Amino acid sequence: MLTTLIRRELLDNLMTFRFAAALLVMLLLVVANTAVLINDYERRLGDYNTAVKTNRQELQKKKMYADGEIVLNRPPNPLSIFNVGLDKRLGNELWLMYNTVPTLWEAGMNGSDNPLLNLFSAIDLGFIFEVVLSLIALMFAYDALAGERERGTLRLVLTNSVSRGHLLLAKYISAMTCLLVPVVMSLLFALILLTTSAAISLRADDFLRIGGIFLASIAYLSVFYLIGLLISAITHRTSTALMLAMFVWGFLVLVYPNMMLATLETSDIPQERAASALNHIKQIWEEFDRERQRFLAADAFPGEDSKFNIKGYWGYAVESYYQNRLTLFNIYDRTLAFDEIDEEYQPAVPHVQNYHRFLIPLTIQTADRTWLIRKEALVDTLVRQANLKRTLLKLSPLGVYDAATQAWAGTNLLGIRDFFDAARQYRQTVITYYEDKDAFGAREWFLADKSAADWSTLPQFSFERRSVEINAKRALPDMMLLLMISLVLFMAIFLIFVRSEV
Amino acid sequence: MIWHIATREIYENLNSLRFGLTLLLLLALMLTNAVTHLREHPKRMQKYHDAITNTRNALTARADNLYTLAQKGPGNFYKTPSPLHFCAEGGEAFIPDVVRGESHSWRRGALKSFWRLHYPSVRPNLANIRPEVTKVDWGFIVGYVLSLTALLFTFDAIAGERESGTLRLMLANAIPRHAVLLGKFLGALISLLIPFTLATLMNLLVISTSRSVQLTAGEWGRLGIIFIIAILYVCLFLALGLLVSARMQRSAVSLVILLLAWVTFVVFMPSTLATIVRGFSSPMSRAEFQERRGQLDTALKEQYREYIRIRNTKRYAVLQEQGAYVTKDAQQHERLNRERLAQEIQQVKEARAIIRISPVALVQHLMETFAGTGFERHLQFLENVQPYARQFREFIIENDGHDAESLHLIGVPTGMSQRKVEPAAMPRFKDTRSLNRDFNTAAVDLLLLVLLFIALMSGAYLAFVRAEI
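Protein chains in written order, with my numbering: chain A, 1 to 502; chain B, 1001 to 1469.
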């Protein structure tokens, strides 16, 4: 019985104009945008490769360790084609320094992009799915029950010994099968274009991630189909159902996300929390300074200050403390770097070396200590607020779907933070490498007159996206949420439909 | 007769679900818009006032000495925030609101670099981890929400009556078809304008009762223009709805076509086209810019190597060459900055020209222009800054000319007047906007909008006249 019903519904749906139109528009949009997005990705990848190369060359030129700027570049995520998330927005170039722990807030932007182009909104396949799939799903659903009721066929069907639950299930299954066609076809087209592009090499786990995005799309489709079915079940006329469906769509997809964020758009961060954290950080640095002064007092070199009064050629001496109130960035910058110095300063060199051997490990230690405070404070001031907004966005299925696909693609906040975690780990590696060679206490740390720094054995940085299991774990709550909404909606429809008169 | 049909339509619509829902949606959106504006606008104004006060104070401090003033320059120029920001937000977060007119501060002996204009860029998203969405401004409300409701008001205007058979009934009377079409059009327009006008009035009421936002007569005029543009835009979509509705036998089919066309043209077209067009030109990248700057510096130093280290002998010729060096240095950097800016602007202009295919881009450009926000406003601001920079330089030369003790060698401390400048005499930067210019910029967009409307309306007429009932 169920199969007969499904077959009937399937044929009914497949032969409609809306099915053909939806398929056509979906394919057109997806193919056109995939081509554009691949182009965009290739450009970003080119920028990334150039940047990595230039930075490596620049580093080789540096003669002193203190002067060596290790720059890390974040590669563009190939799955950003599916959901760009924060991948293009957040900084992709990080300067690694021993005296501060890097976060995404210090990252700069590398790329040949014209900053004014941000005026135009970015687009990705996820957005097309969000808008078009939900619309198609509602267009399939609005007359599923109301239409049959109007035409009287519903009464006819139910005079046979068909249970209402079966009828609903048949409608659901057949409509979802129909709706899957445009999703599958457009995804396949996108994949074909992706695999033919020379710059993009998708790995096996990338296909798994795309599979995850596909599953999320089905769940999203199901939610919107069921919303339409619910509207169809509670209304008696198709025209009312249609109006209601369109306004619900407009509200959930177009109005709610924008309106919610506009009302909540308070850029104020909890000032006291930030201030107390900064205060704490400052105390730690003051403690550091006292220790430094004690060391200098105990040192026997006459007439000294922390720069040892050294003057030289082609170099600089900086001593400054800087902090940023908003991102809680703090840095004690003390750099002494010279190509050559005058003969009269030569006796100071061993003292400077000795001083560095003491000072730099202490700076690193202090920076690590301030990081512990900063990490928590940043979560409280910046991250939590952003996450609250993301959670509120999830009141619309669109927000849930967006979060799920971002998690699969690895372009959400957690995915981007993986890079910065890797960068912090790499910073530890570099520090260990320096310690092993005793680079801090070496003459080449700040002076290149006898021998230059050797960068050849420096461990290379490479960033690998986290495994697909991590993506799945991050996407799971949102996927579950979509399924749960579907289930609740289906039950609601069932209850309403069973009790309703035909 | 037309009016008769229109009133029938209006009565029918007033009782319908779509009217109620539209009213509700528009009121909610406009209220959000007003509340957000009242919250954000005073902050914006405060920031602007603080910034110009700082610049003015710095300028007064420099005026003690003509050389210092000539060397350090007029300081930063700030764009006046528009009080009509709520009409069109114009992506202002991505457009810089300042042009810097300051010294680049190199120093060789007694010589110091002179000020030049440079154009900082903004990247507000670098540290922004919050979800990003469109702002709820009138441009969004009209461009997206109102256009969608316009389609929902007309998709069944003719196809629906055809389905239910009333169209045949109506045309059996001696009613000309164009009267039916116009009646339908007017009916839909008026029943859509009622909620829109109500929502707009409420929005303006909330905004104008607040003390923090003051609107002048000119701004009310601009609001009127924006309102008319919104109506024109709505007409466009009503005509489109009638066209499709007249061609289609069933209203469901008509709606499917309309919605898919709407999604394609309104939602996706602007961003897709912009992404395609940006590939056509590539402005100077940061690395290229720095390289060229370095080359210019080296070439200039090469040319003036003899003179740029100050000599003990204060010979006139040496001073002259030094002055020329400093002036040329500032000039060529300013030219390079402007060239890069012009290339960036050109790229955006191309993209904006192409995305006009989408009517929503048209209406948003128009609203931005008349609200005094967004890209066109930025161009106007830049046009205001550049002549002022020239004026300021002329002022320095003129003032230097008045001092008989000065050698009149601009660029060298010893060659210039060291007198105090009266702060009141300095030219003042005015960030003016003129309605005439706005009309000029908007003319093409406005004409395109009207043209599109006429085309669609005549299409609807032809389709309806030739349609079988």
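Don't take every hint at face value.
Under 7 Å between C-beta atoms, here's a sample of chain A residues computed to sit facing chain B [stated by the list, open to error]:
#: 1; residue: R18
#: 2; residue: L23
#: 3; residue: V131
#: 4; residue: M246
#: 5; residue: V248
#: 6; residue: V253
#: 7; residue: N258
#: 8; residue: L261
#: 9; residue: S276
#: 10; residue: K389
#: 11; residue: L392
#: 12; residue: L393
The list that follows gives simulated cross-link-like pairs (lysine-lysine, DSSO-like), each with its CA atoms no further than 30 Å apart [unchecked claim]:
#: 13; chain 1: B; residue 1: K1301; chain 2: A; residue 2: K389
#: 14; chain 1: A; residue 1: K311; chain 2: A; residue 2: K375
#: 15; chain 1: A; residue 1: K62; chain 2: B; residue 2: K1043
#: 16; chain 1: A; residue 1: K62; chain 2: B; residue 2: K1301
Anything over 12 Å on all C-beta distances counts as not near chain A; from chain B, calculated [claimed, not checked]:
#: 17; residue: G1075
#: 18; residue: T1080
#: 19; residue: E1102
#: 20; residue: V1133
#: 21; residue: K1135
#: 22; residue: M1248
#: 23; residue: A1261
#: 24; residue: G1279
#: 25; residue: Q1343
#: 26; residue: Q1346
#: 27; residue: A1361
#: 28; residue: N1436
Everything labelled a hint here was simulated from the structure, so no lab data went into it. Computed from a prediction, not measured in an experiment: that's the story for all the values here. All C-beta atoms, glycine included, are put in the ideal place defined by N, C-alpha and C.
Numbers of unmet hints, in rising order: 2, 5, 6, 9, 11, 13, 14, 15, 20, 21, 22, 23, 24, 25, 26 and 27
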